[in-house]
Amino acid sequence: MGSSVITSQSQQSSSPGTTGAAASLWTRAEKVRTSISFGVISLLLLIAFLLSSNTSNNTAPISLLIGVSLGLLLERGRFCFFCIFRDGIEDKNTTPFLSILVAIATGSIGYTLIFGQFLPDTSTDRLPPVAHIGPVSWVLALSAFTFGIGMALSGACISGHLYRLGQGYLRAIPALIGTLAGFVLAFLTWNWFYLNAIADAPTIWLPHYLGYSGSLIVTLLILLGVAYFVIKRGVNSEPIRNGISATTLSGALRNLIMQRWSPITTGALVGILGTIAYLRVEPLGVTRQLSTSARTFMKNNGIGPETLNGLDRMAGCVAVVAETITNNGWLIIGLVGASFAAAFAGGRFTLSKLTPKNSVTALIGGVLLGWGSMTSLGCTIGVLLSGTQAFAVSGWVFFIFVFLGAFTGIKLKLHTIN
Amino acid sequence: MKKIFVGVVTTALFSTFAVVPAEAAPKNQARAVAQPDWLEKNLDNPKVRIIEVSTEPGIYERGHIKNAIKFTWHTDLVDTVNRDIINAKNFSKLAQKAGISDDTTVVLYGDKNNWFAAWGAWIFNIYGQKDVRVLDGGRVKWEKDGRALTTAVPTFAAGNFSVTKGDRSLRATLINDVLPVAKKRVKADLIDIRSADEYNGKIFAPSGFQELAVRAGHIPGAINIPWGQNVNADGTFKTVADLKKLYADKGIDGKQDIITYCRIGERSSLTWFVLSEILGYNVKNYDGSWTEYGNTVGVPIQNNSGTIWGAA
Chain W
0 MGSSVITSQS
10 QQSSSPGTTG
20 AAASLWTRAE
30 KVRTSISFGV
40 ISLLLLIAFL
50 LSSNTSNNTA
60 PISLLIGVSL
70 GLLLERGRFC
80 FFCIFRDGIE
90 DKNTTPFLSI
100 LVAIATGSIG
110 YTLIFGQFLP
120 DTSTDRLPPV
130 AHIGPVSWVL
140 ALSAFTFGIG
150 MALSGACISG
160 HLYRLGQGYL
170 RAIPALIGTL
180 AGFVLAFLTW
190 NWFYLNAIAD
200 APTIWLPHYL
210 GYSGSLIVTL
220 LILLGVAYFV
230 IKRGVNSEPI
240 RNGISATTLS
250 GALRNLIMQR
260 WSPITTGALV
270 GILGTIAYLR
280 VEPLGVTRQL
290 STSARTFMKN
300 NGIGPETLNG
310 LDRMAGCVAV
320 VAETITNNGW
330 LIIGLVGASF
340 AAAFAGGRFT
350 LSKLTPKNSV
360 TALIGGVLLG
370 WGSMTSLGCT
380 IGVLLSGTQA
390 FAVSGWVFFI
400 FVFLGAFTGI
410 KLKLHTIN
Chain R
0 MKKIFVGVVT
10 TALFSTFAVV
20 PAEAAPKNQA
30 RAVAQPDWLE
40 KNLDNPKVRI
50 IEVSTEPGIY
60 ERGHIKNAIK
70 FTWHTDLVDT
80 VNRDIINAKN
90 FSKLAQKAGI
100 SDDTTVVLYG
110 DKNNWFAAWG
120 AWIFNIYGQK
130 DVRVLDGGRV
140 KWEKDGRALT
150 TAVPTFAAGN
160 FSVTKGDRSL
170 RATLINDVLP
180 VAKKRVKADL
190 IDIRSADEYN
200 GKIFAPSGFQ
210 ELAVRAGHIP
220 GAINIPWGQN
230 VNADGTFKTV
240 ADLKKLYADK
250 GIDGKQDIIT
260 YCRIGERSSL
270 TWFVLSEILG
280 YNVKNYDGSW
290 TEYGNTVGVP
300 IQNNSGTIWG
310 AA
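Protein chains in written order, with numbering that gives the first Met the number 0: chain W, 0 to 417; chain R, 0 to 311.
Be aware that a few hints might be false.
Taking lysine-lysine and the DSSO-like style, the derived pairs with C-alpha atoms no more than 30 Å apart in a straight line are [stated by the list, open to error]:
hint, chain 1, residue 1, chain 2, residue 2
1, R, Lys-140, R, Lys-244
2, W, Lys-30, W, Lys-352
3, W, Lys-298, R, Lys-46
4, W, Lys-298, R, Lys-244
5, R, Lys-111, R, Lys-92
6, R, Lys-46, R, Lys-96
Derived from the structure by calculation, the hints contain no laboratory data.
Given the sequences, and given the hints that come with them, work out the whole structure.
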């Protein structure tokens, strides 16, 4: 690890400025861990730099950087949809839930800015390019609900498993293997659902009816309404912290690494990141590379139907057949790497215990996650966030039913089987 | 140093005359090929209208050449109900809305070696626009040269483009043009621009595409000159001399009429552009192409591989 040496040097060179009381904030172990984490981040940045000189895929480096940012945000803000839902349902602590609402709010403002330029005229039948605006049918409700059950059973959603993998959460491994199996299952059932429901389902995009400002106002009003309801329900809610107080740079850095970020800050940054991702590459999503791998595997082994009807014309985290690492693959690499760096520096990296029982529940939960997300054309990031931010009704339908699924799973105590 | 100085002076001289599109193409290149340097100097020229016709969704929106507008080939330039090119009335509306007048220089560019930009140029020529050019090297070369892109979408005052009835001499149909040649009643050069494997009937469709024709092979008498041979490795068109030689070596010298085709008529429009607009031959593009010909009942094909659809 040559890069960690570089960072330790830069750490040393900055140490004269942080002598005295501030320096004593850090234990020796913390300093070492933080240096190693900086090394990991530097390595990821170096890879991005090397990728930028490769002309064949010019969005790979920015995808990697978006992944790094997402990994940091998810880990530091504990932006895990299942944990957030469970906090609210079980502990009546609804403060974390606000981060989702804030992410949708800031993201939809960002999307409005971009949409205004990408598709100035909303009166035609056209949709803004590649935005995650999907068909709305009973299949979406079913697949989102299934995804919610899968979250409860496996302990997290797909993005949750990816960032918790960086924290040493070993259940994420059977869960992600299950997810791949779930994708295969979804490809086998896709044609039936497509022909019987999805093909005729309407793709409802609010700006077609309300324009951009109307859609934004409606979205923000809905979010305010949900926030009001959620805050009222949160009888045990933790207070919303107003940022981190520190008097020195060293102290501020320590707080950033050790203390959980405020849900408002995290949510706002996730929304901004979603905007950047849509502007520069494609809407934020975490399943495309995984489902692409599953689809490529099936094609190479002659499993499943030759053609997936209509799938390639859908907007969402849709799998393609590709042997190489896609943009989304670089995003995932950045996400897991950065999450590890953040967790390791903060002393949150611990290898969790893997038992046969909790592996099996994670695996089965993963299958449900995979089937649900493929059939929904994305997961809690790709459809819930990127869809609602893009004013797609499909995003809201997914949101409602994934919550109901998780709610049912939690009430059935599925998450405690491990 | 001296060379650079001379270059700067020449550029300065040229740019003073650049209000009207100048014949600024370098030697051995046709006027119909717009050079990036020339285009860069004419980005704000009101007599030049730049149009991007790309295939990848969202590519225009994330950055395009300044003052370029977007045409979507599969909805803007075709009639999806009749499987036809866009009709005169709709094309007129589209062009006028884009601020195009009869004396406007239209410059088209796109991704993938100007594949669909050439289709756009073909349509513009059919409907009688006089000065239609394709950007050399298309979008890829422009990016590789490090030239600027913007996300700002321009709007223009409506132009006075007046549509002609449509020049039938640029478009081949199965009954009137292709079949008579295939059955050797009329003499013309047929050029199949698909890959050699498609031409020889080894495969029914290029990899990644569905089989859209139930027979493999080619139109009897057609010769195979894959479309990629028109361009250099960087996507720019080969020189006039090289192109002339490329086709002359295959026996095509422009002395008789030429018909180009591919699978759906899009890629062959690039070869149409090369032969018609760069070399000045009489060329018709057959947009029905193999998906019409290969599926039509009662017309003969030549299949060197003998493959039969559905047979083991």
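Quick rundown of the hints versus the structure:
1. Pair hint Lys-140(R) plus Lys-244(R) holds up; C-alpha atoms about 24 Å apart against a cutoff of 30 Å.
2. Restraint check: the Cα-Cα separation between Lys-30(W) and Lys-352(W) comes to about 27 Å, which is no more than 30 Å; the hinted pair holds.
3. A C-alpha spacing of about 51 Å is found between Lys-298(W) and Lys-46(R), which places the hinted pair above 30 Å, so the restraint is violated.
4. A C-alpha spacing of about 43 Å is found between Lys-298(W) and Lys-244(R), which places the hinted pair above 30 Å, so the restraint is violated.
5. With a CA separation close to 27 Å, the supplied pair Lys-111(R) and Lys-92(R) stays within the 30 Å bound.
6. Between the alpha carbons of Lys-46(R) and Lys-96(R) the distance comes to roughly 15 Å, so the proposed pair stays at or under 30 Å and holds.
Violated hints, in rising order: 3, 4; the structure is consistent with all others.
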